[in-house]
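Assemble the complex: chain Y is given as a structure, and chain H must be docked to it using the hints.
Residue numbers (the numbering used here), protein chains in the order written: chain Y, 1 to 201; chain H, 1 to 252.
Treat the hints with care, as some may be off.
Mimicking EDC-like on lysine to aspartate or glutamate, the simulated pairs with C-alpha atoms at most 16 Å apart in a straight line are [stated by the list, open to error]:
#, chain 1, residue 1, chain 2, residue 2
1, Y, K108, H, D23
2, Y, K108, H, E116
3, H, K4, H, D186
4, Y, K2, H, E239
5, H, K156, H, D170
6, H, K214, H, D169
7, Y, K109, H, E116
8, H, K156, H, E116
9, Y, K108, H, D68
10, Y, K109, H, E122
11, H, K9, H, D168
12, Y, K93, Y, E110
13, Y, K108, H, E117
14, H, K156, Y, E23
15, Y, K109, H, E60
16, Y, K52, H, E117
17, H, K214, H, D68
18, H, K224, H, D24
19, H, K156, Y, E180
20, Y, K109, H, E117
21, H, K9, H, D170
22, Y, K199, Y, E148
23, H, K36, Y, E190
24, Y, K109, H, D68
25, Y, K131, H, E241
26, H, K4, H, D204
A few chain Y residues that face chain H, going by a derived Cβ cut-off under 10 Å, partial list only [said to hold, decoys possible]:
#, residue
27, I4
28, Y21
29, G47
30, I53
31, E99
Computed spacing ranges between beta-carbons, pair by pair [unchecked claim]:
#, chain 1, residue 1, chain 2, residue 2, range
32, Y, R181, H, T99, 33 to 41 Å
33, H, K4, Y, K126, 30 to 38 Å
34, H, E221, Y, G39, 31 to 39 Å
It is worth saying that the hints were derived from the structure and are not from the lab. Note that CB positions come from ideal geometry on N, CA and C, so glycine has one too.
One letter stands for each residue in the lines below.
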Amino acid sequence: MKSIVIPGDRINDGVSSNGAYVEDGKNYASVMGFYDEGGKRVVPLEGMWLPKIEDTVVGVVVNAGRNNSYTIDLNTFRTGVLLLGKYSRSTLKAGEMIEAIVDRINGKKEVILSRPRELRGGIAIKVKPTKIPRVLGKANTMANQIAELTKCDMVIGSNGIVWIRGGDTALAIEAIRRIEREAHLSGLTERIKEMLSVKGK
Amino acid sequence: MASKANRPKLIVDGKRLDGRAFDDLRPLKIIAGVLKNANGSAYLEQGNNKVLVGVYGPREVIPKRDSDPTKAVIRCRYQMAPFSSIEGHGRTGPNRRATEISKVIKEAFEGVVLLEEFPNNEIDVYIEILQSDGGTRAAGLTAASVALANAGIPMKDLVYAVSAGKVDDDVILDLNMIEDNYSDADMPTAMTHRNNDILLLQMDGEFTKEQFAKALGMITEAGKKISAVQRQALTDVYEREEKRTKTDEVTL
Numbered sequence: 001m002k003s004i005v006i007p008g009d010r011i012n013d014g015v016s017s018n019g020a021y022v023e024d025g026k027n028y029a030s031v032m033g034f035y036d037e038g039g040k041r042v043v044p045l046e047g048m049w050l051p052k053i054e055d056t057v058v059g060v061v062v063n064a065g066r067n068n069s070y071t072i073d074l075n076t077f078r079t080g081v082l083l084l085g086k087y088s089r090s091t092l093k094a095g096e097m098i099e100a101i102v103d104r105i106n107g108k109k110e111v112i113l114s115r116p117r118e119l120r121g122g123i124a125i126k127v128k129p130t131k132i133p134r135v136l137g138k139a140n141t142m143a144n145q146i147a148e149l150t151k152c153d154m155v156i157g158s159n160g161i162v163w164i165r166g167g168d169t170a171l172a173i174e175a176i177r178r179i180e181r182e183a184h185l186s187g188l189t190e191r192i193k194e195m196l197s198v199k200g201k
Numbered sequence: 001m002a003s004k005a006n007r008p009k010l011i012v013d014g015k016r017l018d019g020r021a022f023d024d025l026r027p028l029k030i031i032a033g034v035l036k037n038a039n040g041s042a043y044l045e046q047g048n049n050k051v052l053v054g055v056y057g058p059r060e061v062i063p064k065r066d067s068d069p070t071k072a073v074i075r076c077r078y079q080m081a082p083f084s085s086i087e088g089h090g091r092t093g094p095n096r097r098a099t100e101i102s103k104v105i106k107e108a109f110e111g112v113v114l115l116e117e118f119p120n121n122e123i124d125v126y127i128e129i130l131q132s133d134g135g136t137r138a139a140g141l142t143a144a145s146v147a148l149a150n151a152g153i154p155m156k157d158l159v160y161a162v163s164a165g166k167v168d169d170d171v172i173l174d175l176n177m178i179e180d181n182y183s184d185a186d187m188p189t190a191m192t193h194r195n196n197d198i199l200l201l202q203m204d205g206e207f208t209k210e211q212f213a214k215a216l217g218m219i220t221e222a223g224k225k226i227s228a229v230q231r232q233a234l235t236d237v238y239e240r241e242e243k244r245t246k247t248d249e250v251t252l
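So that you can see chain Y by itself, here it is in the shape it has in the complex (with noise of 0.2 Å):
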């Protein structure tokens, strides 16, 4: 059973996640979301992105520092940080967009982010952050659906930027925004999966 819920609202105790607060011993919403009684957690229905370990971002490079030391742009509160050290071969340069996992968080708050891999041509849209998991889909079926259909190379970042490549890309930009829209409704994967099948051809 899910319910929406806003800042406040009474919720069953021993939710842990970040929606939500404790007062008294007694749980309550600090944001607007829904409430999953399931899962015990505050699903959010805005807000930014809040790094995770092992998260995919997508960013922009926006200065080069020394010994291959890079700020990265997340779309977010807080910066980026790529050090490939000095011995790597490869290097960037500002405005330059790279797909990158976020690797830890350190001390500064500054999200630390390894693997990188540069992102040439295509385009970059930004998404609602808290609509990302439902653009991948359970096991990135959303996500592989809408890639095979219209035949792009696609990117998606949690921290909510999608970077599309090649095909159709016009198709998967209205997909992916009309994911964002109806996000919080049932049966959105066949409903996409209808709208790319006859919109494709």
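Quick look at chain H alone, frame taken from chain Y:
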């Protein structure tokens, strides 16, 4: 100048000038998520008051020296549009009054927003009064609370605000401009909706102890109605999409 000497009759036959009873709110309407570029937004109409609020953040503090490494900073700007009022309010940019209201609204939200989650960041709240008819700081607070929730900023509770006042010996709720100008007391109050914690309480004029208790009672009673409208505004954002999807299906 408004004074007791030239005061019009504010209460006629037990009713107020606009036909309300003493404890009636003006008609209240809130829409959330009206601005695309802001992280969160809300539009509010309360009688003739029209308020637009945009929320940005959390984001980097500029200039950096204003940041706090232990928690987020709230910045609030309350401003009246030059065309908002019959008086000169807002015509010449920020003034003493707007600065004060910005400060008290900021402090009200510092009591509910979970600031510790975003050290070194700021949350910006921009409150624009498009049309003013008394009680705009309360209307601005009510709208800003919806905008903050719409931005997904974690807070302990939603906030509602409304003013209570006094005409002769009668305590009245939600004063409009003319009542505000000529009343004997005016008390804008902001509270959390779950357990009525007071976040803002200002008072011009004087109340007796009994009148103060009565005013506070009226405000908490009205809070239930305001909270319901706020909740509806927030959930409506998602129900709008639901309706649109259903009509899509019909056309397919």
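Right, here's what the structure says about each hint:
1. K108/Y to D23/H: With Cα atoms ~52 Å apart, K108/Y and D23/H exceed 16 Å; violated.
2. K108/Y to E116/H: 15 Å, holds
3. K4/H to D186/H: 15 Å, holds
4. K2/Y to E239/H: Judged against 16 Å, a Cα distance of about 15 Å means the pair holds.
5. K156/H to D170/H: 35 Å, violated
6. K214/H to D169/H: 12 Å, holds
7. K109/Y to E116/H: 13 Å, holds
8. K156/H to E116/H: 12 Å, holds
9. K108/Y to D68/H: 13 Å, holds
10. K109/Y to E122/H: 15 Å, holds
11. K9/H to D168/H: 11 Å, holds
12. K93/Y to E110/Y: It is violated: about 20 Å lies between the C-alpha atoms, which goes past 16 Å.
13. K108/Y to E117/H: With Cα atoms ~14 Å apart, K108/Y and E117/H stay inside 16 Å; holds.
14. K156/H to E23/Y: Holds, at roughly 9 Å.
15. K109/Y to E60/H: 12 Å, holds
16. K52/Y to E117/H: Measuring from Cα to Cα gives roughly 14 Å; hence the hint holds.
17. K214/H to D68/H: Between K214/H and D68/H the Cα gap is close to 40 Å, so the pair fails against 16 Å, i.e. violated.
18. K224/H to D24/H: 13 Å, holds
19. K156/H to E180/Y: 27 Å, violated
20. K109/Y to E117/H: 11 Å, holds
21. K9/H to D170/H: 13 Å, holds
22. K199/Y to E148/Y: Distance ~14 Å between K199/Y and E148/Y Cα, so the pair holds.
23. K36/H to E190/Y: 28 Å, violated
24. K109/Y to D68/H: Since the Cα atoms of K109/Y and D68/H sit roughly 13 Å apart, the hinted pair holds (cutoff 16 Å).
25. K131/Y to E241/H: 14 Å, holds
26. K4/H to D204/H: 15 Å, holds
27. I4: With a closest approach of 5 Å, the I4/Y hint holds.
28. Y21: 7 Å, holds
29. G47: For G47/Y, the interface hint holds, since the closest Cβ of chain H sits about 3 Å away, which is under 10 Å.
30. I53: 18 Å, violated
31. E99: 23 Å, violated
32. R181/Y to T99/H: 33 to 41 Å: Cβ of R181/Y to Cβ of T99/H: about 40 Å, so the range 33 to 41 Å holds.
33. K4/H to K126/Y: 30 to 38 Å: 57 Å, violated
34. E221/H to G39/Y: 31 to 39 Å: 37 Å, holds
Checked against the numbered hints given earlier, the structure breaks hints 1, 5, 12, 17, 19, 23, 30, 31 and 33 and satisfies all the rest.
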